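**Q** Each chain, written out:
There are 2 protein chains.
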Amino acid sequence: MHDKNISQVVISRLPRYFRYLGDLKDEGKERISSGELSKRMNVTASQIRQDFNHFGGFGQQGYGYNVNYLYDEIGKILGLDKRHNLIIIGAGNLGQALANYMNFERRGFYVRGIFDNKESLIGTKVRDMTVMPVEDLKDFIKENSIDIAVLTLPKQGATGLIDTLVECKISGIWNFAHCDLDVPDSILVENVHLTDSLMKLSFKIHDHNE
Amino acid sequence: MHDKNISQVVISRLPRYFRYLGDLKDEGKERISSGELSKRMNVTASQIRQDFNHFGGFGQQGYGYNVNYLYDEIGKILGLDKRHNLIIIGAGNLGQALANYMNFERRGFYVRGIFDNKESLIGTKVRDMTVMPVEDLKDFIKENSIDIAVLTLPKQGATGLIDTLVECKISGIWNFAHCDLDVPDSILVENVHLTDSLMKLSFKIHDHNE
Numbered sequence: 023m024h025d026k027n028i029s030q031v032v033i034s035r036l037p038r039y040f041r042y043l044g045d046l047k048d049e050g051k052e053r054i055s056s057g058e059l060s061k062r063m064n065v066t067a068s069q070i071r072q073d074f075n076h077f078g079g080f081g082q083q084g085y086g087y088n089v090n091y092l093y094d095e096i097g098k099i100l101g102l103d104k105r106h107n108l109i110i111i112g113a114g115n116l117g118q119a120l121a122n123y124m125n126f127e128r129r130g131f132y133v134r135g136i137f138d139n140k141e142s143l144i145g146t147k148v149r150d151m152t153v154m155p156v157e158d159l160k161d162f163i164k165e166n167s168i169d170i171a172v173l174t175l176p177k178q179g180a181t182g183l184i185d186t187l188v189e190c191k192i193s194g195i196w197n198f199a200h201c202d203l204d205v206p207d208s209i210l211v212e213n214v215h216l217t218d219s220l221m222k223l224s225f226k227i228h229d230h231n232e
Numbered sequence: 023m024h025d026k027n028i029s030q031v032v033i034s035r036l037p038r039y040f041r042y043l044g045d046l047k048d049e050g051k052e053r054i055s056s057g058e059l060s061k062r063m064n065v066t067a068s069q070i071r072q073d074f075n076h077f078g079g080f081g082q083q084g085y086g087y088n089v090n091y092l093y094d095e096i097g098k099i100l101g102l103d104k105r106h107n108l109i110i111i112g113a114g115n116l117g118q119a120l121a122n123y124m125n126f127e128r129r130g131f132y133v134r135g136i137f138d139n140k141e142s143l144i145g146t147k148v149r150d151m152t153v154m155p156v157e158d159l160k161d162f163i164k165e166n167s168i169d170i171a172v173l174t175l176p177k178q179g180a181t182g183l184i185d186t187l188v189e190c191k192i193s194g195i196w197n198f199a200h201c202d203l204d205v206p207d208s209i210l211v212e213n214v215h216l217t218d219s220l221m222k223l224s225f226k227i228h229d230h231n232e
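Residue numbers (the numbering used here), protein chains in the order written: chain A, 23 to 232; chain B, 23 to 232.
For reference, chain A alone in the conformation it holds in the complex (with noise of 0.2 angstroms):
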């Protein structure tokens, strides 16, 4: 249960929360207060609480938050305790080592098949897998439960095959494809855009030199 009306910065700041309390349940420890999670996020202990009072506060004492318990409630908010069940279509270099990172199957992540257009991609091996062709989409998302579509196609593939997930009432696309998607409300879409990261980076070089 949360406030309904976060936003998308605070959301936005969940996963890198939920990183961290991974790597203090790694060393062993049981409990944290804001100051000491603050000191190692680099982030003020208010901003902390503040983020948290979102979603109830996670109960935190005079002596602070159980790394266990706040672990387990922040990947529940974050949909991490589902299971999901994810297609790869493009299956180049950026869908094969999609593909081929295991982490994501620790999040719940799971990688049911992968897709291309070309010819000389279908039926080789990707992991374990046989590359199909994007024909086939429809009928292995519907029979495999498919809910999140990644999408490493380049932008003319990737925008001709946005009716098709439509269609189909995927969930959510994970989109590299160097465009935005128009879809409808009901698809949410995250996008990674490689080359726009890649210039905000020279943005920062840039201006910290001028």
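Just so you know, the hints here were simulated from the structure itself, not pulled from any lab data. Hints are supplied without guarantee of correctness; some may be wrong.
If several chains are the same, the list does not tell them apart, and a pair holds so long as it fits within one copy or across any two.
[As the list claims (entries may be wrong)] List time: in silico SDA-like cross-link candidates among lysine to any residue, alpha-carbon distance up to 20 angstroms:
{"id": "1", "residue 1": "LYS222", "residue 2": "ASP202"}
{"id": "2", "residue 1": "LYS98", "residue 2": "ASP48"}
{"id": "3", "residue 1": "LYS226", "residue 2": "PHE126"}
{"id": "4", "residue 1": "LYS177", "residue 2": "VAL205"}
{"id": "5", "residue 1": "LYS147", "residue 2": "GLY114"}
{"id": "6", "residue 1": "LYS222", "residue 2": "SER34"}
{"id": "7", "residue 1": "LYS177", "residue 2": "GLU49"}
{"id": "8", "residue 1": "LYS104", "residue 2": "ASN231"}
{"id": "9", "residue 1": "LYS191", "residue 2": "ASN107"}
{"id": "10", "residue 1": "LYS222", "residue 2": "VAL31"}
{"id": "11", "residue 1": "LYS222", "residue 2": "CYS201"}
Since the model is a prediction, treat every value here as computed from it, not as a measurement.
Model the placement of chain B on the given structure of chain A, informed by the hints.
**A** Chain B only, in chain A's frame:
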């Protein structure tokens, strides 16, 4: 020349403007009004004008912005008129994917070398480059005027190399490792935390369905 106190939010929008202006250029469009651009980008025209005012406004006339001029100017602000020499540290799937991504070169980012600390990868070929051992990092950075290091090693390997990169006075780190880096202010860092991004998508999906 620009206002030195521009917020990170405005800066983070610049690559997106650049991307849309590139599309307009490709379509052969010569002028565009803030109203038209606003419709395409799904942001308000007043936000566009406010953002551009941080950089002197880019000389909008009654009949709109000159697309080529605006594209070039934003490119310059992003430092894309200069050449950047990159190395990739981590020759696994993700490092290989980034090494093979030609789009970066179009923007002036040249991958000059690729490194790893794994015996099994050192000496293998990625694109036209032979994977080098991390021991060779220092000399290579100096001899090849490398300004950006792309970190695609797992967490432990990545944090262990920070001292070396600091010593080599690298300008920027594009960090894909699943951790935050502790570096002096002289080194600019841009993080791509893929797992964090996937968690954000998961949050959106669950928040939407609640």
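**Q** Does each hint fit the structure? Answer for all of them.
**A** Against the structure, the hints come out as follows:
| no. | hint | result |
| --- | --- | --- |
| 1 | LYS222 x ASP202 | both (17 angstroms within a copy, 17 angstroms between copies) |
| 2 | LYS98 x ASP48 | within (19 angstroms within a copy, 45 angstroms between copies) |
| 3 | LYS226 x PHE126 | between (30 angstroms within a copy, 17 angstroms between copies) |
| 4 | LYS177 x VAL205 | within (15 angstroms within a copy, 35 angstroms between copies) |
| 5 | LYS147 x GLY114 | both (12 angstroms within a copy, 17 angstroms between copies) |
| 6 | LYS222 x SER34 | both (18 angstroms within a copy, 7 angstroms between copies) |
| 7 | LYS177 x GLU49 | between (43 angstroms within a copy, 15 angstroms between copies) |
| 8 | LYS104 x ASN231 | between (46 angstroms within a copy, 13 angstroms between copies) |
| 9 | LYS191 x ASN107 | within (14 angstroms within a copy, 43 angstroms between copies) |
| 10 | LYS222 x VAL31 | both (18 angstroms within a copy, 11 angstroms between copies) |
| 11 | LYS222 x CYS201 | both (16 angstroms within a copy, 19 angstroms between copies) |
Consistency note: the structure conflicts with none of the earlier hints.
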